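A.B. asks: One letter stands for each residue in the lines below.
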Amino acid sequence: MTDWIFSLDHKRVGRLYMVVALVFALIGGLEAMAMRAQLALPNLKFIGPELYNQLFTMHGTTMIFLVVMPLLTGFGVYLTPLMIGANGVAFPRLSALACWLQLAGGILLYASFFAGGAPDAGWFAYAPLSEKAFSASPGVDYWAAGLLLVTAGPICSAISLIVTIAAYRAQGMTMARVPLFVWMTFVTSIMIVFALPALAAALIMLLADRQLNGLFFNAVRGGAPLIWQHYFWFFGHPEVYIMVLPAFGMISEIIPVFSRKPIFGYGFVASSTVAIAFLSYGVWVHHMFAVNLGPFVISIFSAASMLIAVPTGVKIFSWIATMLGGSIRFTTAMLFATAFLLEFTIGGLSGVAFAAVPVDWQMTDTYFVVAHFHYVLFGGTAFALLAGAYYWFPKMTGRMMDETLGKWNFWIVVLGFNLTFFVQHFLGLRGMPRRVYTYPDLPWLGALNLISTFGAGILALGVLLFCVNLLVSLFFGAEAGDDPWDAWTLEWSTTSPPQALNFKNVPVVEGRRPLWDAKHPETTDASVGAAG
Amino acid sequence: MMRQDDRGSRMMWDARARANLGMGMFLIASGVLFGLLLIAFISFRDAALAAQNLNLQMGALLTALLVLSAFALWRARNSKPAADPRPWLLTGAVSGTVFLIAQAYDFRRLISRNLTVAQSPFGSAYFTLAGIHALSVLAGVIILAMLLALGRRIEFGERRADALSAVALYWYFTSAVWLLIFGVAYLWSLL
Amino acid sequence: MAALFFGILILAALIFAVVAGLVIYAILRYRARAGAAAPRQTFGSRRMEIVWTALPLLIVCGLFVLSARTMASIEAPQNGLRAPELVIVGRQWWWEARYSNGAMAANEIHIPVGRKLLVRVESPDVIHDFWVPELARKIDAVPGTPGYIWLEADHAGTYLGACAEFCGAQHAGHRFQVIAEPEAAFDKWLAAQAVDGAAPPPAYLANKCADCHSVAGVETRIMKGPTLAHVASRTIDLARWVRTPQAVKPGVLMPDAHLSEADAIAITEYLSSLK
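Chains A, B and C, in that order, give the protein sequences.
With the working numbering as the guide, the letters of the first sequence map in order to residues 50 to 581.
With the working numbering as the guide, the letters of the second sequence map in order to residues 14 to 204.
With the working numbering as the guide, the letters of the third sequence map in order to residues 1228 to 1502.
With the rest of the complex left out, here is chain A:
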């Protein structure tokens, strides 16, 4: 036990992230199920407004900060050294600390339930609602303090990963040759360094207002509520790309291997990622189009928001082009990766719709938005994480996940997910606002909500099935061997699971696919000029 707590081994730290995140995922999922139960029919009195508002606040905060980010960080910390041929991360204590900071923040956040009530101002806690005058219970203080800890975590792990990728690559592995997952992790880590402190600044100002009677957001006394939104979304928009880029990285590893073809346009995928990183700091106002900011400001950010859709969307073409002409094996990992393409496209398209300001002026703050971000964050990131789980579980544990259970897992999740969230586009179009604990019995609202709740039940089953598969495979899975998928990157050249010392000998890397080169000495990537 103490081995795990004090371990500096990046593989242990990575798995610790994942296990803790899974626990929070189940809690966040229960919060979601409670909300969907309350919304199944109009005017239900199953959960009252005060509890409901705490539930949606905690659900959003949990899923973003305590599930998606730690899961992606966990994969990043686990895989990065293995993929670049290193035996550890830079600053291992910092990396381990990051994991504990996130856990501490999560515990502090959930302690609020026992200390007078969880935060209930939404995961975005707009001022003035989040000020003491309108949120008297200490919930928002726990939220702010918990998030300060949780914010420190990713910054620490990002620093560690940036230096690791810069400094610990194997001989011959230039930045033009690192696996795309490593590229994405690198860019994401730099984005974290620039974005997370903005949230910290906003939280400090909110705590100053709440605890020291500060006036930052007090409009009556000369403060400016809008500063909260500007700072929050200056963090918040890059944050959504932080949550999706590593997922893109996973997809960029999985689709090529199961198509038996290299990624189509490595340079293009890498450079479009850098473009996204830069552009993402210039679109935050699109979360505020309904505010009176003046048409000039709003138009600029509308243009930028449409622009950023391009580097994001064209990657879909790269992945499809990888599949075309390939020889595709439909393992569970590949199923999730393929579904990702379709789900993320839907989410991306509804996102571009919002960049058109008049559409946003009707659809923002409705269930149309809820549908949009669940398509990109669940249909996108979560599906990629599921694909990544099935793909790298053998490497991490030495056992294969069960493919039969996996196929059931896949189809039930796809059915449940789409049933839950596709109808929510129509709920938004029919005028249902978001963040409401109930709704009137107007045409279609009841029926669509009932379908959505039903879908959520199926989705929950699918998630449970995934957990069952995890546990069953952990104890009874077939032995995996070093390289069960016939893959190409360095992590597959060592044992499953890797020893404490990742690599005894790392070969000199001469291309983007070291194991392909090793397995096909006559047709290495370098021999066709594609070594990067």
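It cannot be assumed that every hint is accurate.
[Claimed, not checked] Sample of chain B residues at the chain A side, in silico, Cβ under 10 Å:
no.: 1; residue: W26
no.: 2; residue: R31
no.: 3; residue: F39
no.: 4; residue: G44
no.: 5; residue: S56
no.: 6; residue: N127
no.: 7; residue: T129
no.: 8; residue: V130
no.: 9; residue: A131
no.: 10; residue: Q132
no.: 11; residue: F135
no.: 12; residue: G136
no.: 13; residue: F140
no.: 14; residue: V154
no.: 15; residue: I155
[Claimed, not checked] Straight line, CA to CA, 25 Å or less: simulated SDA-like cross-link-like pairs of lysine to any residue:
no.: 16; chain 1: A; residue 1: K94; chain 2: C; residue 2: R1470
no.: 17; chain 1: A; residue 1: K553; chain 2: B; residue 2: D27
no.: 18; chain 1: C; residue 1: K1476; chain 2: A; residue 2: A496
By construction, these hints were calculated from the structure, which means they are not laboratory data.
If you're wondering where the values come from, they're calculated on a predicted model, not measured in any experiment.
Think of the CB as a built atom: it goes at the ideal place given N, C-alpha and C, for glycine as much as any other residue.
Guided by the hints, dock chains B and C onto chain A, whose structure is given.
C.D. replies: For chains B and C alone, coordinates are given in the frame of chain A:
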């Protein structure tokens, strides 16, 4: 930095370079944090309140103290391998501590003149910005004290040199942030 | 507006059809065959990348132009230089309307059919959002930063609205109606709204209803609760509100006053007379 026939990035990034890169990333993050607090302060700028309450001499003293500590860390960082950097580290730590005492004294003076966090948005912004900055000076002083304490048991060799390099960068940054605060809060408002 | 919306819908459907079509084609055509050799290793195509970047770029440029023109045609002047015909104040958790003759309305906001009104939307407490989807864009009511919209109904009728910015416990209950009526009927209504309600009975005053509610037609004080001057002309379950407001709208700022039954009857009768 990246050449096509890279002999291995490990060759190019020794411990000191890695420490500098890590600290550099941390300072970017801090820069974003201070930058946003500074922007908030600028948006709540109140020349009248500043003129009535902020003392230019005190501001100049605080600035001098931090410039001195940054200079001391610069000398420590660039001292020859054989020279003992500890006197410079001590200078930096002492200078930083005096800064903290003076800043605390100035905060008390302002509060007694009824310029508080709760008095106006200007007050909220000034105390938050200067307060967070003071906390980072405190962190710096503590780290210097730790380096000094460790230095007595272990000779100042290669490994301490990486830490020293990184800490020096931290002090340059913290002093630079104060220069900005001094410039915006004191000079811009008072002159 | 419809052109923009349907344009985007069709565009999105087309793009999705292309993506889905390609994916399905890949799944069917390039499924691994047992024992097959590795497929041809292609690494990319600069030409394809340029094409499939340029095309979306052109599409979003076109989309931006259409969007900007639509935005310009529906946007109201936001600089506050033109006096609004109607001022809407969003509060936790009811909507107040102030008309140019000083009359006030709460939650049921009448407007004349066929007239384009400049509406200023503001809030003294937290951020709300005034949204009546059939008639106008939504606009945030930010304390310190009022917003402006055009409000116009082409046909008479009752249009439902909701608050569209989370504003606390009863955000879900922060709904309203915009009732559009012909010009003559509206003028009559507006004149009637400006008339004071009858003087309240002792029970009303003794139970401090007047602390938060006004029965004056034109009220210059800022009152915490909605005007009751013509409350009986609204669709409200007065008996329940008077006795147990927390049961009607849990979390509402009006406390349960634990009235005696006699007082409750007297107050309800009085309010029912305020047409």
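A.B. asks: Checking hints one by one. Is S56/B an interface residue toward chain A, by the C-beta closer than 10 Å rule?
C.D. replies: holds (7 Å)
A.B. asks: Would you check whether G44/B satisfies its interface hint, that is, whether its CB is within less than 10 Å of any CB in chain A?
C.D. replies: Where the cut-off is 10 Å and the nearest Cβ of chain A is about 8 Å from G44/B, the hint holds.
A.B. asks: Next item in the hint list is I155/B. Is there a CB on chain A closer than 10 Å to its CB?
C.D. replies: violated (17 Å)
A.B. asks: When the nearest CB of chain A is found for F140/B, is that gap smaller than 10 Å?
C.D. replies: holds (8 Å)
A.B. asks: Would the hint on V154/B stand, with a C-beta cut-off of 10 Å toward chain A?
C.D. replies: Nearest chain A Cβ about 20 Å off; hint violated.
A.B. asks: A closest beta-carbon separation below 10 Å is what the hint needs, so does F39/B meet it against chain A?
C.D. replies: Holds: closest Cβ of chain A sits about 6 Å from F39/B, inside 10 Å.
A.B. asks: Is the interface hint satisfied for R31/B? The criterion is a beta-carbon contact with chain A at less than 10 Å.
C.D. replies: Hint on R31/B: holds, closest Cβ of chain A at ~5 Å, below 10 Å.
A.B. asks: With 10 Å as the cut and Cβ atoms as the points, is W26/B at the interface with chain A?
C.D. replies: holds (3 Å)
A.B. asks: Any CB of chain A closer than 10 Å to the CB of F135/B?
C.D. replies: holds (8 Å)
A.B. asks: Does the interface hint hold: is T129/B within less than 10 Å of chain A, judged Cβ to Cβ?
C.D. replies: holds (8 Å)
A.B. asks: Below or equal to 25 Å on CA atoms is what counts here, so check K553/A against D27/B.
C.D. replies: Since the Cα atoms of K553/A and D27/B sit roughly 21 Å apart, the hinted pair holds (cutoff 25 Å).
A.B. asks: Does the CB of V130/B sit less than 10 Å away from some CB of chain A?
C.D. replies: holds (4 Å)
In this structure, the hints that do not hold are numbers 6, 14 and 15, in rising order.
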